[in-house]
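Novice: Can you make the complete structure from the sequences, with help from the hints?
Just so it is clear: in the sequence shown, position 680 is 680 by the working numbering, and no numbers are missing.
These are calculated hints, taken from the structure and not from any lab test.
Treat the hints with care, since some could be wrong.
Taking CB as the label site, the calculated pair distances span [claimed, not checked]:
1) Arg-622 - Val-169: 55 to 63 angstroms
2) Ala-490 - Arg-622: 43 to 51 angstroms
3) Pro-678 - Ala-490: 23 to 31 angstroms
4) Thr-328 - Ala-675: 53 to 61 angstroms
5) Arg-4 - Ala-494: 54 to 62 angstroms
6) Gln-529 - Asp-409: 43 to 51 angstroms
7) Lys-501 - Leu-583: 35 to 43 angstroms
Calculated lysine to aspartate or glutamate pairs in the EDC-like style (CA-CA distance at most 20 angstroms, straight line) [what the hints assert, rightly or not]:
8) Lys-501 - Glu-511
9) Lys-501 - Glu-517
10) Lys-501 - Asp-754
11) Lys-501 - Glu-524
12) Lys-501 - Asp-713
13) Lys-501 - Asp-715
14) Lys-501 - Asp-514
Beta carbons are placed, not taken as given, at the ideal position from N, Cα and C, and that holds for glycine.
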Amino acid sequence: MMTRGEAEELLRTLFTDPDAAHSRAWDELVPDPDPFVCSIGHQVIGIVVRDRGESEEALGHLRTALRLARRSLDRGRAGDVRATLGATLALLGRVDEGLSHLDRAVEELSGLSLARALVRRARILGYVLARYEDGMADLRRARAIFAHEGDQVWEARARNLEGLAYVSVGDLGAATSAFEEFGRLSASLGDRWAEATSVHNLGWVAQVADDLPVALARYAEAGARYDALGMTSVELVTDQCDAFLAGGLARDALAVAEQALAARPLHLPERADLLVSLADAALAAGDIERAVTAADEASRLLRGQGRDAHRVRADLLALSGRVRQGRTSSPLLRRAERLVEQARAVRALELPQVLMLGARIARSVRSARAAALAEAWLAEAASFRHARTSAERALGWLGQAWRAELAGDPGAVLRACDRGLAALDEQRATLGSPELMAVSSGHGAELAELGARTALASRDARRLLRWSERWRATALAAPPASSGHDPQTAADLAALRTQHKRLAEARAAGEPTDRTEARAARLEQGVRQRLLQARGSGTGVFAFDVGELLTALAEDDAVLVELTELDGLLHAVVAGRGRVRHLVVGEAAAAATAVDFSLFTLRQAARGRRAQIDAAGARLQRALLGTALDGAGESRVVVSGTSALQGVPWGLLPDLAHRPVTSTPSARLWLRARAAQPVAGDRRVMVVGPGLGSGGAEVPAVAAEDPRAEVLDGDAATVAAALEALDGAALAHVAAHGHFREDSPLFSSLTLADGPLLVHDLQRLDRPPHRIVLSACESGVLQPVGDQELLGLAAALLSMGTAGVVSSLAEVDDAATVEVMVALHARLREGGGLGDALLAAREAAGTDPVLTATAASFTVLGT
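Specialist: Here is the structure:
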């Protein structure tokens, strides 16, 4: 049998090993005839089952504990149980009843028991009711008692809650100190759960401080620590969702929220919090109906729990969803007014988003009152343009831009849009993951679009070009983070390659692949999550100068055509011969349809079927360029399409078929590619992968004319050997099957002797090849993501510093590819650029429809 002191020690330290504490309470404390000891046993069990989500059982044990405590005639024992019962009731949504118990406990207790009750009440005041200052006052009182009495267990808990409160009031330095002290105390006590929580909370501080890579890394570490204990944390799930959404990773956030909702029984407050995260993720992912349903349920739960500060976010998401559903504006405006007042009353962190949503609704309602509300709300939202986080600052500058738009001041609109994008630029410079940089660009879409629309209205073509460039392909133009991978990522990529090879062998043999596919998926997820934690260079993209562009174009006797889509219309900005002009080309939807038709036509021709190649080219010309090249003479052409119009076979267009033409995601990237130089010498590399219909026949044909070329084929063409050969090559040619992964473009690959060479593998290169030719089918396919960003094999090479990539956009004929590549390399050996070389290949095709289609299927990205 335990003594009273031993029982109290078990209660005090139960979080060190909750399962063991639960078992000992059942076996040793509950059967004890002493009501004091038995009361502690039921209290321990109640706390453990509460944290497992077994709410009613928890309340039953705690009420039993309170009855026994009263029988023990120990006032301190009864007060301690009452404090636990009150905190539990509040966490389960019965906030008023819970606070009543907590207040009574604080009045009845003294010494350590009082301090512990104060900590419990502070948790409810801060976490549940967002009354942080009141909670911090309780914590200060409690910590003074713990320091005097030497109770490190409860001092650690108090420091943790203090850190949470400091974050909420904006003192991140104090929060970091509190969480670090919480972690140190927990480690000295052997409390692994608390150690995991300290790591988690330090991740939250990093996220609030706009350091997303550190936040993701700490969340991953905390998750691993919780998993090792066999426990889950809803707070970690909601914070991870917020981090993924901050990075534009809506699908990841949605998956995390869905999994947590189904993982175990939940307290009502936990369910409410997860539903809010689910609604937020669903809204970002475009599942509006689901978002509204989840947000409405969360709002009902939070209202019943008295958690008004948390309900603001749920109501914000519900209202945002209804706006996107196209609901009538006048009723929504009344809801917006109530939500603004609610957000102000509880000082909700979401106030700037609420104000901007209200202003958006008010601007769509034609009345003097709505106009006045819009102006007032925008003025208040604009005050956040100097806030702590980049997202808040960007939102504040958007509010300022809208105010300037309403005032008819286009210059002020553009200045505000630029400042808002600059705030987002600062945050994106901390990101090292190409995927994260690309998808996070969506946060600036509204600012970039407003700036471009304002520039268009000014009828100043140079201004429109600057704004077309302002937010275009900036992830590709950012200075790359450090090359190479950490040892674990390198090992996982090697293991993934092995799994892919086993998959190919199993499929060829008709064997089951489920387990191998699952292992590959786990490895991919591990690699991806680790790479999302990579830190950026901290340097933004270089400024774009129209004058510099015009000088470079003049030196190359070239014309740039940059396409921009605004409000469903495709605009062309044409720069060259010392001037910039603008024209409206036509409907953007017609352009997309024309591109689809052209790629279908090329596939048909490559298969030897009748195809309307000339008709497809003429249709592309009308839909994408119109009269943009009138007056361009014989100049070279550089085309920069929108992100949705990157996969265009430009050589098929009549105006481009007989001149050198290259494409680029942005004029800024073209300037960078143009300035790039080979690292040293003129080293040429040719790599042949397995399983090609032609056997890579163009390689021996080209190598026969270029004895300096290093050739890797057969078993020698491994990923490691290929990467070593590609590093620093002046020209590389890779003949290998390409696999584009639309679901995860950075896992797109080229098949080599020992498995796939992934886009991620290329990040190991110290010096990417200066120019590279990818002769595989569809090797140039790119995935539009975020706002005007691209992911894929060719895009990755360009972002790393490769000057130019030749790749195919469609299926190509093997035999015809040999002839096209031989002609292309012959021109390269004569000293031409990639645009000249591809023109030579098109001219060599003559009138043969298969050759013509094959040559037109290849395009140049870069220069």
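Novice: A separate judgement is required for each hint: does it hold in the structure or not?
Specialist: Now for the hints, and whether the structure bears them out:
{"no.": "1", "hint": "Arg-622 - Val-169: 55 to 63 angstroms", "verdict": "60 angstroms, holds"}
{"no.": "2", "hint": "Ala-490 - Arg-622: 43 to 51 angstroms", "verdict": "50 angstroms, holds"}
{"no.": "3", "hint": "Pro-678 - Ala-490: 23 to 31 angstroms", "verdict": "27 angstroms, holds"}
{"no.": "4", "hint": "Thr-328 - Ala-675: 53 to 61 angstroms", "verdict": "54 angstroms, holds"}
{"no.": "5", "hint": "Arg-4 - Ala-494: 54 to 62 angstroms", "verdict": "59 angstroms, holds"}
{"no.": "6", "hint": "Gln-529 - Asp-409: 43 to 51 angstroms", "verdict": "45 angstroms, holds"}
{"no.": "7", "hint": "Lys-501 - Leu-583: 35 to 43 angstroms", "verdict": "52 angstroms, violated"}
{"no.": "8", "hint": "Lys-501 - Glu-511", "verdict": "13 angstroms, holds"}
{"no.": "9", "hint": "Lys-501 - Glu-517", "verdict": "11 angstroms, holds"}
{"no.": "10", "hint": "Lys-501 - Asp-754", "verdict": "7 angstroms, holds"}
{"no.": "11", "hint": "Lys-501 - Glu-524", "verdict": "15 angstroms, holds"}
{"no.": "12", "hint": "Lys-501 - Asp-713", "verdict": "17 angstroms, holds"}
{"no.": "13", "hint": "Lys-501 - Asp-715", "verdict": "14 angstroms, holds"}
{"no.": "14", "hint": "Lys-501 - Asp-514", "verdict": "14 angstroms, holds"}
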